[in-house]
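Enquirer: Chains A and B are the protein sequences, given in the same order. Per my numbering, the first sequence starts with residue 1, numbered consecutively. Per my numbering, the second sequence starts with residue 1, numbered consecutively.
Treat the hints loosely; a few may be bogus.
Dumping the calculated BS3-like pairs for lysine-lysine here, alpha-carbon to alpha-carbon at most 30 Å [to be verified]:
| # | chain 1 | residue 1 | chain 2 | residue 2 |
| --- | --- | --- | --- | --- |
| 1 | A | K42 | B | K55 |
| 2 | A | K97 | B | K41 |
| 3 | A | K97 | B | K66 |
| 4 | B | K20 | A | K42 |
| 5 | B | K41 | A | K42 |
| 6 | B | K66 | B | K41 |
| 7 | A | K56 | A | K97 |
| 8 | B | K64 | B | K14 |
| 9 | B | K66 | A | K42 |
| 10 | B | K66 | A | K2 |
| 11 | B | K14 | A | K42 |
Residues on chain A that point at chain B, a partial pick, calculated with CB under 7 Å [stated by the list, open to error]:
| # | residue |
| --- | --- |
| 12 | S32 |
| 13 | P44 |
| 14 | F100 |
| 15 | T102 |
In case anyone wonders, no lab produced these hints; they're calculated from the structure. Virtual Cβ for every residue (Gly too), placed ideally from N, Cα, C.
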Amino acid sequence: QKEVEQNSGPLSVPEGAIASLNCTYSDRGSQSFFWYRQYSGKSPELIMFIYSNGDKEDGRFTAQLNKASQYVSLLIRDSQPSDSATYLCAVWVGNEKLTFGTGTRLTIIP
Amino acid sequence: GAVVSQHPSWVICKSGTSVKIECRSLDFQATTMFWYRQFPKQSLMLMATSNEGSKATYEQGVEKDKFLINHASLTLSTLTVTSAHPEDSSFYICSARDLAGGFDEQFFGPGTRLTVL
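Starting from the given sequences, assemble the full structure and let the hints guide the process.
Expert: Written out as structure tokens, the structure is:
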């Protein structure tokens with residue numbers, strides 16, 4: 001079982017709709033969870049991090065964490081074409097290294 | 001957020017030559033830096049963890065003699081790809097860990113695209 005799993009997509013969402021990205025992780029002791037956005041040919045940029053169960057909102061982005069289910073998600077409201085990118089879920093493993101999922105490719109359709 | 005720079009942003013070299021990539025944290029001190037490699041349409045793969053003043057910790061399957069990492073100061077880590085071959089062509093990305101803000105965040109450099117002919 002991979003440490004961090006994501007659906008690779010592609011996920012297509014109409015402009016203005018809500019995009020929902022999901023991620024599961026295997027290490028029950030993980031405490032820190034991150035969502036990165038990566039445009040083609042560029043390095044990842046941090047969108048949000050979440051440490052506690054529940055929801056965390058930042059502008060159009062909401063991260064959701066459920067440690068009991070070992071599940072973290074990212075919601076993007078009012079999706080824009082500029083949101084089209086690959087979204088990487090990452091989890092600190094053993095407080096030593098950040099482990100990435102394979103990423104979900106999101107396309108916002110105008 | 002904190003800024004991490006990488007140099008060069010791209011490099012083309014002949015097979016058999018060595019290439020050095022620099023990673024700098026510009027506005028914070030990073031006791032830990034990480035080196036990743038990313039092949040097309042794949043996720044980031046951690047190559048090694050670099051701690052200032054000590055030897056790097058390499059991930060399984062990464063040749064330490066081929067990928068030399070030096071973390072000489074709190075703001076600079078270098079990756080040298082020795083005797084590069086076409087299969088080493090990839091996107092190399094460094095990141096630096098910043099604990100100063102009370103949160104454990106990792107900031108990425110812009111990446112270096114290496115092409116070995």
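Enquirer: Which of the numbered hints are not met once you compare them with the structure shown?
Expert: Failing hints: none at all.
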